[in-house]
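When you get a sec, could you build the whole thing from the sequences and use the hints?
Protein chains: 6
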Amino acid sequence: MTTDKEQYKVHKEPFYQAQGKEVVLYEAAYAARLPVMVKGPTGCGKSRFVEYMAWKLGKPLITVACNEDMTASDLVGRYLLEANGTRWLDGPLTTAARIGAICYLDEIVEARQDTTVVIHPLTDHRRTLPLDKKGELIEAHPDFQLVISYNPGYQSLMKDLKQSTKQRFTAFDFDYPEATLETQIIARETGLDEATSAKLVKIGQTARNLKGHGLDEGISTRLIVYAATLIKNGVDPKDACRMAMARPITDDSDIRATLDHAIDATFA
Amino acid sequence: MTTDKEQYKVHKEPFYQAQGKEVVLYEAAYAARLPVMVKGPTGCGKSRFVEYMAWKLGKPLITVACNEDMTASDLVGRYLLEANGTRWLDGPLTTAARIGAICYLDEIVEARQDTTVVIHPLTDHRRTLPLDKKGELIEAHPDFQLVISYNPGYQSLMKDLKQSTKQRFTAFDFDYPEATLETQIIARETGLDEATSAKLVKIGQTARNLKGHGLDEGISTRLIVYAATLIKNGVDPKDACRMAMARPITDDSDIRATLDHAIDATFA
Amino acid sequence: MTTDKEQYKVHKEPFYQAQGKEVVLYEAAYAARLPVMVKGPTGCGKSRFVEYMAWKLGKPLITVACNEDMTASDLVGRYLLEANGTRWLDGPLTTAARIGAICYLDEIVEARQDTTVVIHPLTDHRRTLPLDKKGELIEAHPDFQLVISYNPGYQSLMKDLKQSTKQRFTAFDFDYPEATLETQIIARETGLDEATSAKLVKIGQTARNLKGHGLDEGISTRLIVYAATLIKNGVDPKDACRMAMARPITDDSDIRATLDHAIDATFA
Amino acid sequence: MTTDKEQYKVHKEPFYQAQGKEVVLYEAAYAARLPVMVKGPTGCGKSRFVEYMAWKLGKPLITVACNEDMTASDLVGRYLLEANGTRWLDGPLTTAARIGAICYLDEIVEARQDTTVVIHPLTDHRRTLPLDKKGELIEAHPDFQLVISYNPGYQSLMKDLKQSTKQRFTAFDFDYPEATLETQIIARETGLDEATSAKLVKIGQTARNLKGHGLDEGISTRLIVYAATLIKNGVDPKDACRMAMARPITDDSDIRATLDHAIDATFA
Amino acid sequence: MTTDKEQYKVHKEPFYQAQGKEVVLYEAAYAARLPVMVKGPTGCGKSRFVEYMAWKLGKPLITVACNEDMTASDLVGRYLLEANGTRWLDGPLTTAARIGAICYLDEIVEARQDTTVVIHPLTDHRRTLPLDKKGELIEAHPDFQLVISYNPGYQSLMKDLKQSTKQRFTAFDFDYPEATLETQIIARETGLDEATSAKLVKIGQTARNLKGHGLDEGISTRLIVYAATLIKNGVDPKDACRMAMARPITDDSDIRATLDHAIDATFA
Amino acid sequence: MTTDKEQYKVHKEPFYQAQGKEVVLYEAAYAARLPVMVKGPTGCGKSRFVEYMAWKLGKPLITVACNEDMTASDLVGRYLLEANGTRWLDGPLTTAARIGAICYLDEIVEARQDTTVVIHPLTDHRRTLPLDKKGELIEAHPDFQLVISYNPGYQSLMKDLKQSTKQRFTAFDFDYPEATLETQIIARETGLDEATSAKLVKIGQTARNLKGHGLDEGISTRLIVYAATLIKNGVDPKDACRMAMARPITDDSDIRATLDHAIDATFA
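Chains as they are written, first to last, in the working numbering: chain A, 1 to 268; chain B, 1001 to 1268; chain C, 2001 to 2268; chain D, 3001 to 3268; chain E, 4001 to 4268; chain F, 5001 to 5268.
Treat the hints as calculated values from the structure; they're not laboratory data. C-beta: ideal position from N, C-alpha, C; glycine also. Hints may contain errors.
[To be verified] If you want the ones that stay clear, here's a sample from chain B, every Cβ over 12 Å from chain C, calculated:
{"hint": "1", "residue": "1121"}
{"hint": "2", "residue": "1175"}
{"hint": "3", "residue": "1179"}
[Unchecked claim] Footprint (simulated), chain A over chain E, 3 or more residues, beta carbon under 8 Å:
{"hint": "4", "stretch": "4066–4079"}
{"hint": "5", "stretch": "4090–4097"}
{"hint": "6", "stretch": "4206–4220"}
{"hint": "7", "stretch": "4246–4259"}
This is how it looks when you write it as structure tokens:
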């Protein structure tokens, strides 16, 4: 693994619209190198926020999409068989600890417990990462920080972070942006006019109100951006909304009817 | 892996009969490189549609039949042991991202979660694929697009896409073609006369009406094509229908009696 | 793997007694290279039929006994470590696709889903087999055909073919031969006189009537052949029947008493 | 694997006392090379019988103790990595098929299904063993025969042979020998006097009567031989019986009291 | 693995405030090399205590964070493939036994049973560690001691130490420090004034009282330190408390309201 | 694996106090090389007894702590990859069979079934160990004997030895020593005076009476030895008893109160 710090830098300012004090508070957490947990529903901008902070702080960012088949070795590293025997290959967490990157473990709750336990010594006063298989104890680079994301809506008895993990993080709550802000985001990101953008946001909010009444999750800002993009590319607004905002999220005919009705009413 | 772009091109126009605006809408989605989810029952032509679009757009197509034993490495790639040590072998998703192909993940819901999570960074503004095991971050080729298929009838609590995955796609609904169109498809694809083709389609529709009343799925267009092919090859229509349209889909004697009755009545 | 076509040819005509139109219908299916599913209970002659058809058509036959630990790699192939690095080894399905053999997957329902999904592209208009791990896309030889066997009695919620797999096959129903035919089969295959053979068949039918009333399956033709063989070798008919037709299939004392009674009555 | 036929020969006549016609019937089954299933409770002499028959027929015997972690490869063989690449290593079943041994799969029901399916082509008219991973199809040596053991008392819904496996075997029932015969066996095998041997057998029968009333299995002949051996070595009969016949089989205090009472009464 | 003893020494005195006689009692246990189990809730200072004792005793400390995917090999060691064949690599437990370190298995109850059984011979009069795979029997260095941590709140039927493991340890109970002591700890560790520290501790105690009434665990001292650190770095106390003491531990709106109320009341 | 017989010899007489005729009876079992099962609760001295017998008989002893992740290969051996190809490495059971050691499988019931089945041919008249993967059949050395331990308190439907395994062993029952004997053991092993030792034993018996009334197991002799050791090292008896005899075995506050009361009353 080329531990070239530069390749992990975020070179272009990501588009990010602050919703509250989160930028200042994150900077305070980073200043003390406290681990951070960003909480919120799917597609509300958690990953974008972390990318933005990495850019703002000028630190490399290493993102890992966690999943239930990921092992601790996938994070920490493994021996690789080569012509001259084995070679140790740092995993993304190890690389981040060495070069002083912000390591962002996305959807940590999906990972198996060994993945979550492995981060413990990096998140207390030790700030170390023992590579048991290599017999090496890494002291984290002073710039290293650990960030994880967490979707409270997915919590279940089977899949939740252990308290001994949770209690190692400071936490931020995120939610979908409120209407005016979200309209601006849509308009700026896609170039669609504000009036149409506002209509899309209104449909999105209708869907979000259905959460818990037949929908597991509301419609993310991302899907509204998809719809806006299609309209910008010449697709009829109703077709665009159906294709980007209704069809992907549900097959329930009642919910679909409600969404289609909202779409037709909005673009009547 | 020979990443020879040409080998993935669809050189001959696949037979495809549009059912609605899907061709135009797909083109709009592709223009913005939005990820696409094609939804619909078994054998209604989802794969054929994607193949057709790849041909129409002149883009290479890489198809992966997903299954529950498929790992993220099967998609992304792995190290291969060789005489001079290990060599990295790109998986089909990585190849598609490099050469700018349409990557079609068939029956994505069958795959394990690590397979579905691995596509996330390819489906948002990042359009990247981190090869964690290789320490490489691939930026997708401008022509790359991700398409997945999804059969809503198979949805279950155990096997469904996560909302955080669903909300990364625009979606199309597919269904069996309506009778006139399906008759034309049968006739054109097999060379059977339209009258007999229409009879087969009628039997097929009888079976589709049994869906939910003893049949898990209706009879696909493919099975009707099978029956037509057998008749064209000289098999008695009743034998052909039993062999291609009744025997494969059920062992329930009541359903069989209903289907056999429909066959006998149609070819009396 | 020596892909020597000849080693897979069936050189001697297998003993096969047709029960209906199955030979002609199979030939029609093969002529159009339609995939075939042979359905029926244990030991009714499904495998023998496929072997016979391969002999009649003069095509190589590659048989794979499926099981729940079989992986897709067992069918498709894998890399083998050698002195000079790795060498690809075709699996039986790949070999069949390359040399134009009939590939017979016995008891497909036992296999894991990845095994069944892997055959999909070989069973539709594509007739291809993607070797993802090798980066090769095989176009099936024009003579290639896929045949699977399926025992409806074993169907369960846990283990059944997916509709998306079933709907890729034409299907034949098989059952135990009726009495006169089965008597001829026993006599011809073992050289036992027809009178004694008929008695054995009668006992077999008694057992088949117990199916669902304490027996999971009836007695197969194979077991009747076993009994006939033992009698031919000088074993007392009652001992032969007990040893070949009663003891193997049940430990239930009531069922055993019923079977023993039938044996004693028949050979009184 | 040295396929030295001689190493698998049973050179010394094993002590075996026939209980009925089993020797003659086995010879008839072997003459026709019919597969054999020996059924019966723990320690009633099934393995000893097979060993005796191998000695009597002068054929090599390869015994495999089946278990739930045994894979098909453990039976069939596997590639072994060596200095000059990989070398194929025949498994015990393959060796038996090649050299013409009797292959005895002990407690087959413990094995996973892939192990049981792998024997199918060896147990019908084909008498072949396909080594899929090697691309070789072995025709069994004319002397090869397959024997399996099966304990009906262990049958459960989870672990039972499939009918498609059962229906490939002729079967023998075994049970503990009746008292006079068992007394002779004990006396001859251990050199203990017949009077004391008879007393031990009587205690054994008491225990067997408790089967189903607190004991899962009766006391095997083997445990009676243990007790006799200890007595022959100078241990007090009551201590010997407790140590060899009561303590090993149960921790239930009521059953222990009953057994201890029988022991004390017999050796009062 | 560099078994450099020095790298495992704790070179700087860790900040540790004794709660009772635990330091003296630990020294007595270490003097007799008795294995030690430290019990207590998340974040009460168990790991810190062990680190402190290692520093006080001047012994190397090897810490292993246990997890459910850890195998015995992860503790004991494994063979590593190298250019000149395989090389044995000691695991952390083996290293500790060789160099005479205190081996601290953190959250042992998370580990699989093979991990817990492997420590048995090291915890009785034998003080040995058999490396079965290497054929070596290690006698523990005279300075070696085994320490495990255990959180009684996590005990469940599925995950608990076996009595045969528990009965190999002397045990200490830990709990959160009482208020005055905890205030001092906060103040000394973060440099925050005692008055504000006391307020934070008071909020922490409110949360601890909610344990069992909607909270699985109380707030750890660590989280209070986080809050104090943020305040020291200029964050508003209410924001700091929300971010470090409320948001990480719960998403329940009632509990959050209670905690927020306590925060607002304290810093009104 | 160095099969150096001497390294497995027990060179120093282990401290062992006989409870009954077990030494003489074991000698008789060993004389006939009968397999032995030692039964009893945790920490009652089973392992110590086996070690003592190995010393008395002057035979090497190879102990294996069984666990649920142990495979048959861990016992029997495996191929090891080396520079010049693979090398076979005997497992502990194979080593014991070759050099004529007593092989002691501790807590056999924890092991997976393949581990228990693998010992079968070593425990009947054959006294052989087939190394299937190596194609070698080992005849056990005349001095070889197999010993297993078994804790009846752990028996459950899920984890119990199969009768076909149990019926291959003679068995001894062990229990905690009665009070006078245990007092002597404590005093001799730790050097503590008999009066204090007796007090500790009395507390231990209180705890044993709680077995089944809130405690899964009584307090083992080992824990009493721990308490005595701590007292000998200057720890206050009440602290020593709490730390060694109460804290390790339970977190139930009622049981703790009962035990603490007994401790305080005894050392009032």
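Holds or violated: is the Cβ of residue 1175 (chain B) farther than 12 Å from all Cβ atoms of chain C? The assertion about residue 1175 (chain B) holds, with a minimum of 15 Å to chain C.
Taking a Cβ-Cβ distance under 8 Å as contact, does the stretch 4090–4097 of chain E have three or more residues in contact with chain A? holds (count 4)
Assertion that residue 1121 (chain B) lies farther than 12 Å from chain C (Cβ): holds, 21 Å
12 Å Cβ clearance of residue 1179 (chain B) from chain C: Holds: least Cβ distance 19 Å, greater than 12 Å.
Apply the coverage criterion to the stretch 4246–4259 of chain E and chain A: a residue qualifies when its Cβ sits closer than 8 Å to a Cβ of the chain, and three qualifying residues are needed. With 4 residues close enough to chain A, the hint holds.
Closer than 8 Å Cβ to Cβ for three or more residues is the test here. Does the stretch 4066–4079 of chain E pass it with chain A? Answer holds; 6 residues pass the 8 Å Cβ test.
Count the residues of the stretch 4206–4220 of chain E with a beta-carbon closer than 8 Å to any beta-carbon of chain A: does the count reach three? holds (count 4)
Consistency with the previously given hints is maintained throughout, with no hint failing.
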